Structure formats: C-alpha cells, structure tokens
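Residue numbers (our numbering), protein chains in the order written: chain A, 1338 to 1447; chain B, 19 to 132.
In case anyone wonders, no lab produced these hints; they're calculated from the structure.
If you're wondering where the values come from, they're calculated on a predicted model, not measured in any experiment.
Cβ coordinates follow ideal geometry from the N, Cα and C atoms, glycine included.
There may be inaccurate statements among the hints.
[Said to hold, decoys possible] A partial selection of chain A residues facing chain B, derived with a Cβ cut-off under 10 Å:
#1 1343
#2 1352
#3 1361
#4 1380
#5 1427
#6 1429
#7 1436
#8 1444
#9 1447
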Amino acid sequence: GEDVEQSLFLSVREGDSSVINCTYTDSSSTYLYWYKQEPGAGLQLLTYIFSNMDMKQDQRLTVLLNKKDKHLSLRIADTQTGDSAIYFCAERDYGQNFVFGPGTRLSVLP
Amino acid sequence: NAGVTQTPKFQVLKTGQSMTLQCAQDMNHNSMYWYRQDPGMGLRLIYYSASEGTTDKGEVPNGYNVSRLNKREFSLRLESAAPSQTSVYFCASSEAHSTSYEQYFGPGTRLTVT
C-alpha cells in the first residue's frame, strides 16, 4: 500500500535553517502537504504543493518536490523556538485518500 | 467560525465500556474523517465519510463504528473498549472542491482504556 516515511527527530540551533525530509511511494499523488502539530493540539496546515510543481516558497518556508525520487522537503529559514513542534508530511491521491507520515519532532535549541 | 470541534477532550474508560466521540464542523464541508494518532506511527485513518449519508472504512476500522448524523456531525463509537484503543483521536473535515483539498483538524480526544 501507500507509505510515507520521515525521520522521527531533528534538532537545530535557533537562527539556523531546518530541513525536514519525507519520502512517499504513491506515484499518483496529486497534492503533498506539510502539517504542524504543537503540544496538545491538532494538526494545522503549514503549506502544500501540487504534484506538477518543483518548489513553493512562503515566507520562511520552502518546499522542494523531487517527483522522480518521490522526495519532499520542508526548509524553515531562521528557525525560532516557536517552531518546535511535530511536522507531518502527507500525500493525497486522486481519490479521497490521505496518507500521513509518522511525524518529525523538531527541537530548537537556544 | 469554530472550525472543527471535538468532545470530550479527555476520557478514561475501563475495558469493555462503550463511548461515543463527537465531532462537528461549521465550514459546510462534505468530507469528514476520524484518525487515531499513536507515537511513531503518525495518523491512521479509521473511517471517513465522503458526503452526508455515506461512510467507508479506512486503514484501522476494527473495533469502531461511525455515524454521519448530518452534514455537520460525524461521531465515532467504541462498543467495547480495549487497551489497544488507548490513543489520541482526531476528527478532520475537507471540501472536495477547494483549491488544495486540505484537511482541517479538531483539537483531539485523548482516550485511555485501562
């Protein structure tokens, strides 16, 4: 079946850039998403990219998509302590199916 | 707009007890979902409803039932709770005709089964 993989942990220093990586298996994915989950809360959409795009930039966030390798990344520039959270990669196929990765816990060190 | 609301926020059950988790959305979305979140496993889809009056099984439906009461409300029922159902449960909704099809999530229900 479809699968989305992410590393589980990432630590960075405040002010550095963070890069969170994701790989997926479904070649029919239409949209790919990055969600952020803060402690005790639900998931909030950070950004998304349509499968015919290579890159999308939104303020401090840059999403890169390599369709050939089925690799998605999220770069957070000038990472702040408020960016500490769990980040989920998710993909949606032509149907109603969303598949989420296990989440990457980002810790920002002062 | 409240978005997606879930009740209760926390619940402790004994093995064999039953309960219903409630979810409502005020965004007029057609599609609604129930997920469970377990450490290191991300979100797994339990059931979803593409529109009022329809429900379909997701990845992990065993031990659960759902009801799409109307367009706003989608409830999840545990008939006989088991310790393996200890988890955080999230309800979500989406609109099939939006630009991004994104899902909007509720705050979650933290369920412990002893």
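Here is what the structure says about each hint:
no., hint, in the structure
1, 1343, "holds, 8 Å"
2, 1352, "violated, 29 Å"
3, 1361, "violated, 12 Å"
4, 1380, "holds, 4 Å"
5, 1427, "holds, 8 Å"
6, 1429, "holds, 6 Å"
7, 1436, "holds, 8 Å"
8, 1444, "violated, 16 Å"
9, 1447, "violated, 26 Å"
Taken one by one, the earlier hints fail for this structure at numbers 2, 3, 8 and 9, listed in ascending order.
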